[in-house]
Structures are given as C-alpha cells and as structure tokens.
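Undergrad: As a plain string of letters, each chain reads:
There are 2 protein chains.
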Amino acid sequence: MPKYKYLGKATQKVDALERVTGKAAFGADIHLPGMLHGKVLRSPHPHAIIKAIDYGMALKLEGVKAVVTSKDLPSLEDARASFGGEVSIDQEHLRKLFLAHDKVLFEGHPIAAVAATSLEIAEQALELIKVEYEVLPPVEDAFKAMQPNAPLLHPYLYPKTLGQKPKNPGNVATIMFHERGDAEKGFAEADVVVEESFETAMVHQVYIEPQVDAAQVEEDGKVTLWTANQGIFNVQSQLSSILNIPLGSINVVPMEIGGGFGGKIITYVESLTIMLSQKAGRPVKMVMSREEVFKATGPGSPGYFTIKVGAKKNGKITAAYIKMIHDCGAFPGGPTPMASLVSFGPYNIPSIKVDGYDVVTNKPRVQAYRAPGGTPVNFSVESTMNVLADKLGVDPLKFRMQNYAKEGDYMVNDQRYNRIGVKAVLDRVVSSSHWNTPWEGPNRGRGMALGFWIGAAGTSSALVLINSDGSATGVSGQVDLTGTRTSTQQIIAEELQMPLEKVNVKVGDTDSTPYTMGSFGSRTTYSFGTAVYRASRDALAQMKARAATQLKVNPEDVEYAEGRFWSKKDPEKAVSWNEVARSTITRGEGVVTGRGTVTGLGHAPEFTAQIADVEVDPETGKVYVKRFTAIQDAGLAINPMQVEGQIQGGVTQGIGWGMSEYYYYDKGKLRNASFLDYRMPTSLDVPMIDIEIVEVPASEGPYGVRGVGEVSIVPPPAAIAEAIYRATGVRMNKLPMTPEAVLWAIKTKDKEREPVAANGDS
Amino acid sequence: MPKYKYLGKATQKVDALERVTGKAAFGADIHLPGMLHGKVLRSPHPHAIIKAIDYGMALKLEGVKAVVTSKDLPSLEDARASFGGEVSIDQEHLRKLFLAHDKVLFEGHPIAAVAATSLEIAEQALELIKVEYEVLPPVEDAFKAMQPNAPLLHPYLYPKTLGQKPKNPGNVATIMFHERGDAEKGFAEADVVVEESFETAMVHQVYIEPQVDAAQVEEDGKVTLWTANQGIFNVQSQLSSILNIPLGSINVVPMEIGGGFGGKIITYVESLTIMLSQKAGRPVKMVMSREEVFKATGPGSPGYFTIKVGAKKNGKITAAYIKMIHDCGAFPGGPTPMASLVSFGPYNIPSIKVDGYDVVTNKPRVQAYRAPGGTPVNFSVESTMNVLADKLGVDPLKFRMQNYAKEGDYMVNDQRYNRIGVKAVLDRVVSSSHWNTPWEGPNRGRGMALGFWIGAAGTSSALVLINSDGSATGVSGQVDLTGTRTSTQQIIAEELQMPLEKVNVKVGDTDSTPYTMGSFGSRTTYSFGTAVYRASRDALAQMKARAATQLKVNPEDVEYAEGRFWSKKDPEKAVSWNEVARSTITRGEGVVTGRGTVTGLGHAPEFTAQIADVEVDPETGKVYVKRFTAIQDAGLAINPMQVEGQIQGGVTQGIGWGMSEYYYYDKGKLRNASFLDYRMPTSLDVPMIDIEIVEVPASEGPYGVRGVGEVSIVPPPAAIAEAIYRATGVRMNKLPMTPEAVLWAIKTKDKEREPVAANGDS
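Top line first, the protein sequences correspond to chains A and B.
Those letters in the first sequence? Residues 703 to 1464, per the working numbering, in order.
Those letters in the second sequence? Residues 703 to 1464, per the working numbering, in order.
Hints are computed from structural coordinates only; laboratory data are not their basis.
There's no promise every hint is true.
The list cannot tell twin chains apart, which means a pair is met if one copy fits it or any two copies do.
Pairs of lysine-lysine, DSS-like flavour, derived with a Cα cap of 27 angstroms [claimed, not checked]: (1) Lys715 - Lys981; (2) Lys711 - Lys1369; (3) Lys924 - Lys715; (4) Lys705 - Lys1014; (5) Lys1271 - Lys1125; (6) Lys924 - Lys707; (7) Lys1328 - Lys805; (8) Lys832 - Lys1275; (9) Lys1449 - Lys924; (10) Lys1093 - Lys1108; (11) Lys887 - Lys711; (12) Lys1271 - Lys1371.
The structure displayed is predicted, hence computed values, not measured ones.
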C-alpha cells in the first residue's frame, strides 16, 4: 500500500483553469478608480553626475499629476532616526538603485518618474524633463574595475572582508578568503594537478512578465501595493526602509506572478509608484517595458574563475583551489559567498582554498538568478574536474564515484552535510537508460556533470481554516511562484484525509496573513510545506478535541480517518468530520483555525546529475543538444508533475545560459536589450528533457521533502561543454558557447590556446 | 487610576480619514475588467401568475450578454440532493423571494435579470422582455389576509405553531401561544385593568447605500462576490443553498457598507448577479435604485396589537396579555417571536399571556430593522403602561420603579435574566438633569418610556497577528457596520499594552478568515469583541513563551507590561516586545498568530430609558421634539463616542418611525417609493439627542460589554406619545403620529374614540 494518498501524485494545478482561460489576475490586470499611469525617466549614460533636473515643463503638460525625483525621498537621516540607526549601507544602496541620487551608475538608472492620466501623456512628459549630466567614463567590467586607476563608482566603498581594510576606497565590494585544511600541502601530495580559467557572461532571468505594480496611498499615509513580487513580506520590509513608512502601514497584495527566478525579490518600480501616488493623491500603476527590464533590473552575475584541482593517481582528490571574481553591477551584492559553497560542493576534498571578489561596475546591479552564482562556478569547476579525470584516464562518472560527498562530510565552508543524495543520483546515472545507450559517431559527444545547491529554509507560516461545510482552506502570504497552492492542497488533503476538491488554498496580503518569507531559495515546499503540515496537524488536533466533547470521551481516545472520528475504546461511538465541522460555528469550543509556523530548519541540500548528448556541426560550430537527462534528488516529490516541470524549466534556462544568452555591452551601453537580439532558447533549441527523480529523504521537515527549484539550472553548461569536448576535442572555457565561439575553437584547436571571444565582439 | 488605558475612550475611528475623504471603497466603486451591468425586471403587479416570459427580443439587443429567469435556477431537487435533503421551506422561499417562480407576490418582485455592456442597454433590454400575467387580487394587509375567503399567497402554507395544524392552508405563517403563570387569575386579582389597541406602519431602514454587488464566476464554477452585506458568511451560506454551489466555492469579499440596520442580512441581487455572471462568462455588477430598495427589499413589519395589563392599587402589576399580528409581507418570517420577548421585557410580571401571528400579504417580505419587532410592540405596551399608571394616579417613572425586572426574574418566556440594568437606567432618570428640569407651559408635555432588547451573541472568530516590527494586526471576517474596527483596535491595544497606532485592523473575505457571524443583533462588540480579546490574550501568551526562551526562564515566570517582558525572579532580566517580535521571523518558535473564537455566550440584555419633551402646535398638529435624552446601559462603553453615535442614530430612526415614516400602499402598489414622498426625519426634525451611558457589567464576556446598537430605536415613539398626551390630552394609538393624525385626534378628543387613519388615507 502506498504511504501517501495525495502526496507523490501528479494532481492538477489548482490554478490551472484560471491560468489557461486568462482569468488569473496578473499585475497588468489592475484597474483602480482614478488610476494614473507611471513612467520612469532613465539615464542614457552608464556613468555620470547629475548636475540638475528640471521637470517644470513636464508638470505643465495637461494630464501630468506628479513628478518625483530623489529630492522627494525621505532623508536618510530621518529614516535612520525612525529605524533606530539601522539604515545600513545596503539599504542606502537600495534607495540609490531604484532612484539615482547624485550619480547615475548604469544605463537605465532611474532619474525621475511621472504619473499622468494616460501612458502616452506620461511618456510625452518624460521627454520634457531636462537633465544636465557630467558624463564620466564607464567601468565596463570587473577586471577593469579592479585596476588601481579605475574610475570609482562609489567614492566611499570599502570591501566587506574578513581581513584588513584597504587604505583607499575602490570598486571591490566583497573580498572572501577561506581555507579549510591545508591546500598547499594537498597540492604537494597530488600526483596530478590541473589548472583552468573560465569566463561567463551576464544573463537575465527573462521572466515572461515584466515588473508591474500599482499603489494607492490613503490620506493617513497607509499604502496598498499590488505587486507581482516573489515575496510580499520582503517587499513590505524593503519599502518600509526605503520610504521610511512604518511596516504596518504598508499592505502588500500579491498578484499572480509571471515568473521570477530570483529576479523579483528586490523591488524596482514599487517605491516610485508609491511616491507618485503620495504626491498625486491618486492610485498609480506602473509597468516596465522589456527594454527597461533588460537594462534596469537585476540579471545574473558574470564571473571569472581560475580553478586548480589536484588528485592522487588513484583518482582521489587531495586539494582544490578557486579564485573567482564576480561582476555585481553598480552596487555591492554579488554571488561570491554562494558560488563558493556551490563550487566543490558535490565533492569530498580534504583541503580547499577560496579567493573571491565581488566588484562593482557600471551595469545594473545583479540579482539572484535561480541558484544564484551556481551555474558559472559549476561550469568552471565541473569542466576542470573533467580535464582532471581525462588526465587521470578515468571517465567523468567513475571519477565522481570516487570523490562524491556524503553525510557527515564537510561542505566547502566549515559546516557538515546532513543526509544528502549525491551517491543516489550517481547510482541512478550508472543504471540510467540514457547513460547505457551508446551515443556514437562523428561530431557526437556525451557529457555529464554534477550540480549542487544548498537551498534555503527560512521562516514560514500558514493557517488552515476548517469551514462549516467540512471543507478546509489553507491561508498564507506565500506567493505561488512554482505551484505552491497545489502542493499546499495536497499536504492539507493528506493530513486531514479529505478529497482534494474539499481543500481551497488562498494567498492573502501582508495585512491579513502571518509573516512568511518569500518564494525563493528552494525554500517553499520544504519550509512553507512544513508550516502547512503543522497547521493541518493543529487543525486536526482541534477537530479531535471537539469530536471528543461530542463523543464524551477524552481527546486522546479519539481516532480519526477519512472523515470519521471514533472512540478508541468503543469504535461504534463515532461522529463525522462534517458534523463536527458544522458544530464548530454553533457551539462548544468554536471555530477551528489551525496554525503552523517554522524557523530554523536545517538545510535540505539538492543534488543533481545531468547527462547531455550533443552533435556539433563542424561547418558552423552549431551545437545540437540531442538528448538530455536530469537526475535529481527531490527528497519526496509531492507533485511529480510540478517537480518535472521545474527541472525542465531549470535545464532549459541552463542551456540558454550555456549556449546563447549574454548581455552585449558596448562602452557601458547594452546593445541587445530586446528579445530579437537577446537569444533565449526556443523549443527548437532544446530536446525533450527527461527527468528521473531520486528520493533521499531530507534530514528534517515532514515527508523528507527537499526544494527542487534551483539546482537544475546549475550543471547544463558543464555537461554540454564536456559533450562538446567529446564531440570535437575542444574545451570551451567561456560562456555562452555560441556557434561562432565553438567554430573558432575548432578552427584553432591545434594552435596555441588563446582567449576566445564568446560574445563575437573581437 | 483608571482601570483601562484604551477602553472607555473616544478614540478616533480607524476608518475616519478614508471615509471623509471618499477613499473608502464601497460596492459602487467596484470596477472589474470586462464587467457587465445587471438590471432586474420587476413585477408591476402585487399578485399575479406568470404565464409566460419571452426575452428573445432582449437577447437580440446589441450589448446584451445574458438574461436569466427562474428557469436558470438549479432545481430544488438537485439542491435537496446536494444538501442532503436539507433544503427547507425557508430556503425555498428565499429562492422565490429573490426571483419569482410561478407567481409574483409583491410589486417589485424580480422576474428576470439582464446583463449588458452598459447600464443603459440593460435598462432598454428590460423593456423588450414580454411577460404575460394573470393578475390576481392583492392581499393588502394582515387583517384581510386572515379572513377565511382571502386569496392565498402560497396554496401550501400552514402556520408554524405549537398547537394543532389547521385543516386548510392559509396566509398565517406563524402562530404563537405562550403563557407563563396564570393570566386569568392575575387579571382577577388586579384592582385596575386597562386594555388598549394599537397599529403601526411598515417602515424602511433607509440605509444610505442601496444594495450593490459584483460577481465573477471562474471556469471551474468558483464564485467571487463583492458585496455590502452585514455578514459575509451568512451571504456565503445563503448563496450556497439558493444556487446549489458548494460553500467553499463561494468567496464573499466585504466592501465598506453604507448602513444596514438589519436590512442587509439577507441577499437580494446577489444570486441574480452570480447567475448572470455564470451565463455571460464575465463579471457582472448590480446596483439597486432607491425605488427598487423601497419596493423590493425588506422593510420593518407593521403590526396590530391589543394589550391588557392589570395591577393592584399599590401599583404592582399582576398580569399582562398581548395579542399581536404582524404583517410579514410575501413570505413567512415576521418578528412575532422577538416582539413577544420585547413586549413586557422591562417588567417583573407574575403572569403573562401572549397570542401572536405572522401573516403573509402581497408586500415585500419584511426583514430585521434594528431590534426587529421591538419598536411597534414597545410603543403599544409602554403606552398601555402609561394609561395604567395614569389610572393608578402615579407618574410613569414611579410606576416603573415599582415594577422593573431584575436579575433572576423571568423574561416573557421561561428564561431568567442574568445581570441587567433596568434599575440603573431608572435611577439615572431620577437623577438626570433632564427629568429634573421642568418642562411646562401650554401644549408642552414630557414622556418617558423604557426599552428592552435581548441582543444576540452567536459565534465569532478573530486572529491577532504579531508583525515583525512589533505592530499587531487584528484579522477577521467581521463586517464593520458600527465601528468594529475601532473597538477591535482598542481591545488589542489594551490587551497587548501597545499604542493604538501600532494596531491595524483588517476585514478579510470568507476564503481567508475563520467563520464569524454577521454584524447584527447587537452581537458584534459583545461576542466578536470576546473573540478579539481571546485572540489578543493568546498572542500575548505566545509572545511570553518566546520571551521566556530568550530570557532562559519558565514562561510562567515572565511578566509583561508596556512593551517589556521581564523575569519575575530577576526583574533586570528583560527583553523588549519589539525584540521578541523581530525574533519571531528569524528563530525559535516562529511567527505569532493569536486566535480567538467563541460560541454560546449568554445574553447581555440592553435596557434604555428615554425622555422626550414635545411642544405641539394645536393649529396644525405638528409635534416638535424639543429635548430628548436617552439613558442606556452599555455594560462598558469601549468607545463612548461610537456608543453615543449609535444611540443618537437609533433614537433618530425611532423618531422617524414614530412621527413620519410609513409605506403608503394603494391596492397593493407602493405610492411613496422615493425620498420625496417617504418622509425620513431630517436634522430639523430632531433636537440634539443627549446620551447618558450607564454601565452595569454584563454577566459574561470580557469587560462587561453589552451590545448597544439596537435598543435605542425601541422606545422613542412610546416616549413621544406620552409627551403628546401630556401636552394635548390625547393618546395616539397609531403610528406614525403625523401632524394630520395628531390634529385629528385633538379635534375629536372629546368625541367617542374611533380609529385614526395615520396614513391620512381615510
């Protein structure tokens, strides 16, 4: 008999119908009485001092109701006062990111915003705003930024570091030094040492739905904000600190969200929309264009990596070293700490050394993109591991079978793994039909790579209401980014032993739901699912207590199954779930509200192994991904259909990152800010992605569930690069592996290796 | 030192600003994308058989998207099946009330509804619907309805009664016989017996905002309904049974409500709106006109009363008898049971006999109107008591001081009073400045009357969320009809000992809040306030537990006051409320959600004494109410300003009921369905109404709070009638006491008494 009735089943998404019929209400569907349309004036320069802004003409245009600039922001001093001195440099940067103060730091940096009675008028008004700039030379990439005479973005910036503070400010935002064991000794003990360098591009999450929001500010300053962010409570706290509004005076209402992938955790237009509404005294709506999204939201960080790994002849790794530099755009906040954790995560390595740098440049400030920092570093490390395996003369799989990490081993940092599934996914590769089906012939190659993502847990809360007709409603503020309503329905149905159709799931606003962290970091099913589980158990316990009263027995003597309560001592003494539910609204202990909350769950690490088969056209360099299998440890797949969808999405994005996507900057200006020029994979670029789910229960939380949303994006470039090597004999050390880049590599493979221009711009 | 910091204070209404600035969102403010406008075709006849409805032409009109008639209703059989045979005759009548089936039973009875792209088109379409009627003679009033050969409204109607079922169906819906003690013996023992007869008119609640709603039905049948009803959960359950939709598939969203007074408990257009949306596949909005409100919602019941009271020479009442007939309009459901309870409620009477009848007529089905049934019966009983006092030669106040009910005495039925404040309000009359200020001179008179309303309790639920910044939010589905958000804010602030501005209050929908009964029956502050109190205490207990963890002491050793937790054993060991709140979202036991629910509180009876001074113009019969004082037991007035406002509103409505308001029917057709012809009191018709609040704590619930919303409407006509008698020597036994009626009474006072036409129509 299966362990669960509703878990592990591919039940229909609860929001499937409203999604396919177009009834689901997204941000763009918001219409409020008297609503104005907002539009943002953005810098055409990547780096400049703002000398003056004159919006007098714009204000005179009929239909224009408000213009805001950084002058309209509450002062940092005021904000500091009301937050008890807690406005950090990060919060200051958040304020400067969404609205330039004295300097613009990237092309597209907001300078002013206009609210008008129509979008057209708002756009006209932008043209009437005169900005006087003193243009500065842009800092184009992390290398240039680190040069001693580089222009400074922030003349006050010193790196966050464990070591000594440098004498002068610079463009380095974070310096990370970490060593576990003795790397020097480890390399000395090695029989083989390889060292490789890599470079990856800036790419965007390219969610379908651009950023959109609407704000309404009441006379007493209370704000209602409708937004499509990944977390309503993080929006609330960001806005509270940016705009110096008490947390409780901001109600954030979640709309349906058209993709986020980490790029919709931070707020962009929200603050401007609120400021416009404050000034105009009317509701304001703001929708970003795709060009604005590309230029002025937060893409994934590009990185530069040097990896050194040493091993014994027997294949055992003795030491590893990584140096990484992340370009984090105009403000601090790159992925170095997470990338460090990902780097050698799948391996048990006695000695590890990490040098990491986050560097600011005149580009949009990077943000999380699905396992943030994971893909570039994994491409670099896994490619290096494959070079090493090659030198050792073992195949990549065998090499990994010799070195994988297991429970109790160290992570890259000084934590130890709890129960993890690296071996399980490797075993599944060994037995997989893909791995065991030959892929031979000219220009063909197969690659594999491991991927790791630690996943977050965080704080979650949920309520389970028992309605008078016996149905149940799960209530929370957890934004449904990835099918959360559906898994919530399954968990409640499982715990309350009632049909799925009797379980409703409602996502509420910050005013009416208990705090829960946003939907990111693979935390939703793991941590929020735990809150739902607890709330369901709590509701059931209360229902049992009410049944006990009705049966005149002790609560501990009440059994429950499938809609029926009965006395353990006298099984004939029974009362139905529906009867008890009906009675809650008329008598006894009253209405049942189950609550569940959780903080501080341990990690539930995600591991995946991916296998890619490619065929390379030697005439054009075009790489055809012909077969792809992702094997992933889900702990328990509550809804396998949703898990598969997640993994397929992640792999597709990983293929895009690996093969075709990049930001093409030219003197600090983005030249491909459209879907015509920014090349996402289409359905013709990816094969059917086969999924194999492995289930190694997580150490904590109910059911052993692990998050599954992120790790799938991590290894595709590495797996494909290995496959390209097997097909062509060339190793691609730069992303994306465009046809031009691959062709160039093939054409020059017998010549001395030299840097390859992935972007085709050399 | 005052007992409470935030209770008993006239704090500002939390919604004051948004109300006065027009930002508060009422039903009429709803705009949904693609929304259609609904309009209802209503019967011009008070009584007719519907032979045929042809809406073919209407459907052909461009812009018309749906037409519904009773044919579109799910069959009663289906409804019975899905509700397990629980569709009662009342539910059947509810279906027939909002949409005529085979017969129309009152002028304005809905026959069909249209949804179109504009209101104008919907109105045009109504004119294109052809209805073939067989007109029947209307049953115009309760007396005519009870005649043996009266036309029958419902050929299947037998009265609900304790006695025997009559042989034939009739128009009597309820028969009530009740006797406590031995009335015959009581009257035999009396030295003085008086008997009087009375008649009162049908009046309307005349809430400012007409009924309005909007519905959106999803592909899977899920309904979202925005409505301005007094209770969202009662709407949900009504619609579920009328339309045969599972309870959990109907989400009712409360809008701000512009008055209800009992008239917005039942649904009218809601079902039609949903049916139109189901058929059109688009959202539909419906707004009633004032004429529709007058003709086709539920006014207060008109009544006919005969009262007999006997007393000893010493003034002690020995027995009382009442016969009452209520005209309940087209469907059963009149106020006889409640009117019976009100009748002799303020008195301790050894023997009581009640004969009561609810009778159907061809008028709109009556509904609750603030202390439903209380005003007419109180006018009749209090007037009779004054006649009796007069005969006994004691003043009305002294007479009442001899006979008032007290704790432990019987109510009219066989229950006994818990703690009540009749004596307290009478004592306050004795000491009041009003009573002690002479009011003398020609054509002047003073009257007083007692009023009683039992009040409801019912089931209530609330949540109190503790936010990460230390603020708190009260969440519930309790519609704020009378300042509930404000009293909720005060209770939470009191219990959590935090400033009012740190407490938010949110009213949510049926999907996301635990069940709570509607806002009616004086139950809100009493019962819902109890739920808020419990939720606050629960939240505080959880906060204490978290503080205990942080202080490393036992939870029972934690003290709390004014934002600070400390250890009883070591008062220096302390942590702030805000620190604990902040920690809830990051560690430990997690987020704090306090919950409170309550069922089955005992009654918290409301008593009032009111004093009216009038001056009568003997030339015109016009009565000027020159001074009015209402003394009322509030148990504890959580917000005295709100309590005073409630009482002033109730008295004003009572003055309207007594002096000027009535439905003028002519052969079953309402001739004064507009504000021009239906005479509500204006500010020129009422003096400043002075309020004195007496506080006799209720037996149950926190703080001793009693409901205050209803009883104030009960005695104004009786008090004024007594004042008129003192001014003119004539006793008015019919409402309203219009100038014409008073003048007629004065002119004929020395002639034999004969019925006076209050309506001026004889």
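Undergrad: Now tell me, hint by hint, if it's right for this structure.
TA: For each hint, the structure was consulted:
For the identical chains of this complex, Lys715 and Lys981 are inter-copy neighbours only, at 25 angstroms across copies versus 41 angstroms inside a copy, given an alpha-carbon limit of 27 angstroms. Within a single copy, Lys711 and Lys1369 get their C-alpha atoms no closer than 52 angstroms, and across copies no closer than 66 angstroms, so neither meets the 27 angstroms cut-off. In this assembly of identical chains, the alpha carbons of Lys924 and Lys715 lie at most 27 angstroms apart only when taken from different copies (15 angstroms versus 35 angstroms within one copy). Taking identical chains as interchangeable, the C-alpha atoms of Lys705 and Lys1014 are never at most 27 angstroms apart, the minima being 45 angstroms within one chain and 80 angstroms between chains.
Proximity of Lys1271 to Lys1125 under the C-alpha cut-off of 27 angstroms is found in neither arrangement, the shortest distances being 47 angstroms within a copy and 54 angstroms between copies. Taking the shortest Cα distances, Lys924 and Lys707 sit within 27 angstroms of each other only across copies (25 angstroms), while inside one copy they are farther apart (45 angstroms). Proximity of Lys1328 and Lys805 under a CA criterion of 27 angstroms is satisfied in neither setting, with 48 angstroms inside one chain copy and 71 angstroms between copies. Taking the shortest alpha-carbon separations for Lys832 and Lys1275, neither the intra-copy value of 81 angstroms nor the inter-copy value of 59 angstroms comes in at or below 27 angstroms.
In this assembly of identical chains, Lys1449 and Lys924 lie within 27 angstroms of each other by CA distance neither inside one copy nor across copies; the values are 64 angstroms within and 62 angstroms between. Taking the shortest alpha-carbon separations for Lys1093 and Lys1108, only the intra-copy value of 25 angstroms comes in at or below 27 angstroms, while the best inter-copy value is 100 angstroms. Proximity of Lys887 to Lys711 under the C-alpha cut-off of 27 angstroms is found in neither arrangement, the shortest distances being 51 angstroms within a copy and 76 angstroms between copies. In this homomeric assembly, Lys1271 and Lys1371 never come within 27 angstroms of each other (Cα to Cα): the closest approach is 77 angstroms inside a single copy and 66 angstroms across copies.
In terms of the numbered hints stated before, the structure departs from hints 2, 4, 5, 7, 8, 9, 11, 12, listed from lowest to highest.
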